[in-house]
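Trainee: Spelled out from the first residue to the last, the chains are:
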Amino acid sequence: MQIKNLFMFFVSLVLLELTSIASDVKDTMSFGADTYSDNANVQVYSPTFSIFKKLSNQWMVGLKMRIDAITAASISNGSNGNHVDAVTGASSNSKLFDDTRYAPTLLATYDDGDNLLSFGAYYSKEVDYDGKSLFVNYVRQLNEQNTALGIGVSQSFDKWSPIFKRNLPRDNRNEGKIDLSINQLISPILSVQAVYSHMTSQGFLSSPYHFVLQDKFAKFENYPDTRTGDAVALKGVSLLSTRNSINLSYRYYKDDWGISSHTINGEILHDVSRNFTTGLRLRYYTQTKADFVKQVGAYAVTDKYFAVDYRTSAFDSYTIGIPFIYNMRGSSKLTASVDYYQTSNNAHIKDWYGVSSIQAVFTTLTYSFDY
Amino acid sequence: MYKLILIPILFFLTACSDRLVRVMPYEKEYLAQDKMKLSPVDARAEQEGHIFLIREASAGGESAFQGGCGCR
Amino acid sequence: MKKILILLFLYVNVFAAGQVGDKAMNFQLPNLYHLDKKMSFNDYKGKVVLLNVWASWCGGCKEEMPLFVKLQNEFKGSSFSILLSNIDTNSQNAVSFLKGVDSHRTLHAVYDGDKILPRAYRCIGMPSSYLIDKNGRIVDVFVGSINENTLFKLKAKIKALLRK
Chain A
1204 MQIKNLFMFF VSLVLLELTS IASDVKDTMS FGADTYSDNA NVQVYSPTFS
1254 IFKKLSNQWM VGLKMRIDAI TAASISNGSN GNHVDAVTGA SSNSKLFDDT
1304 RYAPTLLATY DDGDNLLSFG AYYSKEVDYD GKSLFVNYVR QLNEQNTALG
1354 IGVSQSFDKW SPIFKRNLPR DNRNEGKIDL SINQLISPIL SVQAVYSHMT
1404 SQGFLSSPYH FVLQDKFAKF ENYPDTRTGD AVALKGVSLL STRNSINLSY
1454 RYYKDDWGIS SHTINGEILH DVSRNFTTGL RLRYYTQTKA DFVKQVGAYA
1504 VTDKYFAVDY RTSAFDSYTI GIPFIYNMRG SSKLTASVDY YQTSNNAHIK
1554 DWYGVSSIQA VFTTLTYSFD Y
Chain B
-7 MYKLILIPIL FFLTACSDRL VRVMPYEKEY LAQDKMKLSP VDARAEQEGH
43 IFLIREASAG GESAFQGGCG CR
Chain C
12 MKKILILLFL YVNVFAAGQV GDKAMNFQLP NLYHLDKKMS FNDYKGKVVL
62 LNVWASWCGG CKEEMPLFVK LQNEFKGSSF SILLSNIDTN SQNAVSFLKG
112 VDSHRTLHAV YDGDKILPRA YRCIGMPSSY LIDKNGRIVD VFVGSINENT
162 LFKLKAKIKA LLRK
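First to last, the sequence lines map onto chains A, B and C. Residue numbers for the first sequence follow the working numbering, beginning at 1204 and rising by one. Residue numbers for the second sequence follow the working numbering, beginning at -7 and rising by one. Residue numbers for the third sequence follow the working numbering, beginning at 12 and rising by one.
Same shape as in the complex, but just chain A:
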């Protein structure tokens, strides 16, 4: 009884904390158009939309919608664009796009200035894949909003339904993730952040369309049905002068498939005028191969696992891009970005796509405003 009374007393004190200061949440809307195009004949056009509505001083609800209109040789052929299709039927060349993915996200947010709680659900529907996820994030501000401790949890319950008749050993793909973050202001011109993520996946983790084709046999890709990974990231942003800033981040990732990676991202931003900011970003990524991956053509029919997807092999990638931020009248904002992405030469890419490396350009354009 004493413990129960003490617990209720504690909860009431915490609730006092929860309503201490009103936050400045606002009603906002945004419209965007993203594109992606690469030399593996994949083009994606993505209109985006979001609307956030204030319910009270602290509560807000929001809806985000993303539509990916995809043209991809791998979809239209049912297998890779380079190999003769021996498995599926004819492609549907009459359609404008090979696949359209609809991805709405519904979320609610509580923000009183010291506590930020957001939770929601995500759903995506495409011709051969259904994605369903739930997520919750909590950030607590401490030390007069100099320190922010965050925890985020998400769990997805996805399902494959391949466009051709193939009995998958299992059709589910479930992924759970937990993120822990700490953000600390060091000075009026420097802030740093550290993030730790733990991810677990289970189910059908390869692609139902990829297959190994060697002289004497053909086998669909087969990966382990579980995967566990951890990532640690350190980030910082600093003012260099009144018009210039730099942000740097480093991430290390490792999983139980034997893949480990390093990611370094750097960006310099410059205020061209009071309202217009642009800059330059560079990103470098390098990963090792999964333990079960063999060289192209080196599999034996008795192998347990088969992988042709280059993402399980060792490769590097480089990204260079330019961001644009234009603050308009009132609270309206126009942002845009254009980035060029390239992987290193890779035998698995050559084998599957017929090109030595993946080269891509992706852009974003978004207009947001308070209403």
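FYI, nobody ran anything at the bench for these hints, they're computed from the structure. Ideal placement from N, C-alpha and C gives every residue a C-beta, glycine not left out. Some clues are possibly wrong.
[What the hints assert, rightly or not] A few chain A residues facing chain C, derived, Cβ under 10 Å: (1) K1229; (2) G1316; (3) R1477; (4) S1534.
[What the hints assert, rightly or not] With a Cα cut of at most 27 Å, we get these calculated DSSO-like pairs of lysine-lysine: (5) B/K20 / A/K1257; (6) B/K29 / A/K1256; (7) A/K1507 / A/K1368; (8) B/K29 / A/K1257; (9) C/K110 / A/K1229; (10) B/K29 / C/K126; (11) A/K1257 / C/K166; (12) B/K20 / C/K126; (13) B/K20 / A/K1362; (14) C/K145 / A/K1256; (15) A/K1267 / B/K29; (16) C/K49 / C/K164; (17) C/K164 / A/K1256; (18) C/K175 / C/K34; (19) C/K164 / A/K1257; (20) C/K166 / A/K1229; (21) B/K20 / A/K1229; (22) C/K110 / B/K20; (23) A/K1536 / C/K110; (24) A/K1229 / C/K81; (25) B/K29 / A/K1229; (26) A/K1328 / A/K1267; (27) B/K29 / A/K1536; (28) C/K81 / C/K164; (29) A/K1229 / C/K164; (30) A/K1257 / A/K1335; (31) C/K48 / C/K170; (32) A/K1257 / C/K81.
Given chain A's structure and the hints, the job is docking chains B and C onto it.
Mentor: Relative to chain A, chains B and C alone:
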């Protein structure tokens, strides 16, 4: 025993350490600017989170949620 | 045990926020619109003052400004004054913003580029507003932007202070 657990939790929720209070609210002029955000273009962060997830084998290190897809 | 918890919460929550009951600080700061002219808080002796510490980079500060213009107009001709104290690094940013919401310069405004007032009052949030009575005593402190709900209570307090 519960006192030993409750007091650290209280400190977690409400504690202030002078050494960690390095920037007062009225000193946050530069930190409020777009160029001082860790991710200055939200739409790009969301899009490339998706792109890097399907083009590379790594994930994590971001505090934002990314939904899954069957992208090839 | 309960006493320990109450003391703990009071300690961490009250250590610097709000100086209700304190005498308002006297200051001399330049007029925001005419930086060569000084304004003194002594000029507001015998008046009820709402001193607002704000910046053009602060979203909440910009949001409440139209309410302040409306509030000052409602008390036109009375002994109530709103006094804005801007802390932008560049005062022109503040002037540009005020041009859009207070083109008639209804609100008095000073420029505090050295952040003397927020340091003296140890402001724990932006914006911060201090309601000061005719005797120069702080009677209420508002941390964060004032909205329609708080405005209702604020008007009642101003009327009560004007009657004294």
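Trainee: Does C/K166 sit within 27 Å of A/K1257, going by the straight-line distance between their CA atoms?
Mentor: This hinted pair holds, its Cα atoms lying about 25 Å apart.
Trainee: Does A/K1257 pair with C/K81 here, judged by a C-alpha cut-off of 27 Å?
Mentor: 23 Å, holds
Trainee: Given the proposed pairing of A/K1257 with A/K1335, does the C-alpha separation stay at or below 27 Å?
Mentor: 26 Å, holds
Trainee: Going straight from one Cα to the other, do A/K1267 and B/K29 come out at no more than 27 Å?
Mentor: Distance of about 22 Å is within 27 Å: holds.
Trainee: Would you check the hint for C/K81 and C/K164, treating anything up to 27 Å between C-alpha atoms as holding?
Mentor: 15 Å, holds
Trainee: Are the Cα positions of C/K145 and A/K1256 separated by 27 Å at most?
Mentor: 41 Å, violated
Trainee: Quick check on A/R1477 please, does its C-beta sit within 10 Å of some C-beta on chain C?
Mentor: 7 Å, holds
Trainee: Under the criterion of a CB-CB separation shorter than 10 Å, is A/K1229 in contact with chain C as hinted?
Mentor: 8 Å, holds
Trainee: Are B/K29 and A/K1229 close enough, with their CA atoms no more than 27 Å apart?
Mentor: Between B/K29 and A/K1229 the Cα gap is close to 19 Å, so the pair holds against 27 Å.
Trainee: Do the alpha carbons of A/K1229 and C/K164 lie within 27 Å of each other, as the hint requires?
Mentor: Satisfied, since the Cα-Cα distance of roughly 22 Å is no more than 27 Å.
Trainee: Given the hinted pair B/K29 and C/K126, is their alpha-carbon gap at most 27 Å?
Mentor: 24 Å, holds
Trainee: Below or equal to 27 Å on CA atoms is what counts here, so check C/K166 against A/K1229.
Mentor: 24 Å, holds
Consistency note: the structure conflicts with the earlier hints numbered 13, 14, 16, 31.
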